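Going down the list, the protein sequences come from chains Z and F. Following the numbering used here, the numbering of the first sequence begins with 1 at its first residue and continues without gaps. Following the numbering used here, the numbering of the second sequence begins with 1001 at its first residue and continues without gaps.
Don't read these hints as lab results, they were simulated from the structure. Keep in mind that this is a model prediction, so the values were computed, not measured. Careful: at least some of the hints might be erroneous.
Stated by the list, open to error - Here are the simulated lysine to any residue pairs, SDA-like style, with alpha carbons at most 20 Å apart:
no.	chain 1	residue 1	chain 2	residue 2
1	F	K1277	Z	V239
2	F	K1176	F	T1232
3	F	K1046	Z	G225
4	F	K1277	Z	N245
5	F	K1279	Z	A244
6	F	K1279	Z	F45
7	F	K1030	Z	G225
8	F	K1420	F	D1214
9	F	K1279	Z	T62
10	F	K1030	F	M1049
11	F	K1279	Z	W246
12	F	K1147	F	Y1280
13	F	K1183	Z	G52
14	F	K1279	Z	A41
15	F	K1183	Z	L56
16	F	K1277	Z	A41
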Amino acid sequence: MSGAPTRRVVLALLRYSALVLVATLLLLPIYWLVVASFRPAADIFATSSSFGLATLLPERLTLEHWREAWSGELPHAVANSLFVALSTVALGVTVNSLAGFAFAVFEFPFKRLLFAIVLATFMMPFESIVIPLYVLIRGMGLTDTFAALILPEVASGLVVFLFRQFFAAVPKELYEAARVDGASWLQIWWKLTLPLSGPTIATASLMLFVHQWDAFFWPLVAAPGPERVVIQVAVARNVTLEVANWGGLFAAASTAILVALVPFLLLQRFYLRTVAAASER
Amino acid sequence: MTRLSRRAGLAGAAATTALLATRPLRAQAKTTLKVIWMGWPEGQVKPLMDSFRAARPDVDLQVETIPFVQIFQTLEVRLGARTPDPDIFICDSPLTASYAARGHLLDLTPHLDASRFTKSAIEAASWQGKIYSAPFGSSCPVLFYNKKLLREAGIEPPPADVERRWTWERLVEAAKKLSDPAKNQWGFSFEQQERPYMLLPLAQSLGGVALSADGLRATGYVDGPAFLEAYTFMQKLYTEWKVSPQGLFDPNLPVEQFGNGKIAFLVAGTFNEATIKNKYPDIELGVAPYPRFEKGKAVTPTGAWHIGVNPRTRHQKEALALIDHFMSHDLQVLWFELRPYPPVLKSVWEKEARRFETDMWKIVRYELEHTAVPRPATPGFREYEDILRTALRDITTGADVKATLSAAAQKIDRELEKYKA
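Whole structure, please, built from the sequences with the hints as guidance.
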């Protein structure tokens, strides 16, 4: 009788030990990075050569790097990145859900071809379109503006795909009933389907947010002026070929990680659910 | 309340209109030059730009500093778009040919007086007999060492004398005595463990040539006997003699380890002297020339940051004025004070002689005049460097030297094919 429960306990123990081990391996570098940002400059690499307790537990702590990082362009960069990321989320959810709605609900010529093109956009490497995109943005007179950072990232093939998959699963009868009651298509989208698609909106927001939060190359190309500096650029400025301000780098990188963590922790359960659901349909 | 806010709104709108209206007026009054610059600390950029602004109040500078990790990719996009923007850009000297071949650099030959510059700087700025980039700084690695570690191991330090420079063979013997891999204690490291810049002189010391004279063929050169011998030697530093720590590919890491007393000898650029002394004030720093092979000759790397003018600029006169200003004696002295790269102007070496009386600068001056060899002038330098760099990286971690170099040479040839037309 006692054999089965004991085995279950042992199995659970093994399973959790394995999970803890994997989690530790994944989190250790991030832990080291955050801790290093509190170490005095001379200590950062002094203990890294042999892995031991001293690698993980700092002997001396200092706020010097954080103070230095936050007295420079970092706060400005965080504010800029938040503005860019949140604007992209607001515009992106609107535009992409409307597109997804159209693909899910309406019948129109070349619908499949157009949808295939939408899907192709998220498989295209950014490097292959960056020069024409830059020429376009420059032609529109938008270089060095927030619009240059936000507009190209609003429409996302992947997010259109997620919304289409979700809206396609809503029973057609629901739309028909609303039409019979006299609702316009825009009203149906706004009042009926959007309120239903909370998890998809959460996922889309998270994807758009993280994508913009991580943006590095495009901001350097399109809006490199000091007023539009974004977080990843501010992080990278701590390192040149010849000099690295490791403490400043780690403090800035920790900031970038911690801020991006907030929306992720809030929305991640929706994220997993939606991605899994979209791939099943 | 409503009336008040409406009035405020109207006032705001009027102010905005007024602001918008004045913008083009101001733009007409002043020419703005767009400059793409390396992401050096602001304190090393602003004084240079301010100096030009003071000299030319009618020209405004819009300076974009790009972090090193992305500067080449950013320039590829910005120049690749073939617009007048940027007017001026910082140009890594070995990329001069690459940019010039693709029409991204204005020919500066009629504008620059080549006789004012050191020979190696003009070589690094030239392609097909013309000067395409304005030399702004040079470079020269030296052999730094930790006096205390050498003393403790009973090793006589290398002399700071170019005539009696150490050989690589002698350095390895000393490094073996200073290494204890189990304790993460190392005899020697290159600052740049994988970059052709710092490693080409190994092969060149043995008579190797980096690329064919027309800059378009690597087979027979990169996979030739000198390269094979030199990089087999380099591999042994890591795998057989175990005197160099593996995998420190970020150039800042070997410097950190040297500063922390974990590496005894370090081949590194001159700018590290100040960094090391500031960050690790306790270290007893010694300096000697870049070694050579026993049977070979002395060769050192050179080249650094130059300045290029976009041929599509709409403000060529102002852009050339900036080049003039940046090539002036006074500005070059200021630049040296901000960031001690070996100067490119002969006048700086001559008139500021007292600054160069240290062992390190005496060595550097000799090397630039006698042993410095710029990286190969080829329109395909970006590809050449990328491929060779990966090969060198693989060799440090134990890859078959002959096979790796042959594969790299063939790959480079394939990439260079497109420039033959």
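Problem - Structure-inconsistent hints, enumerated in ascending order - result: none
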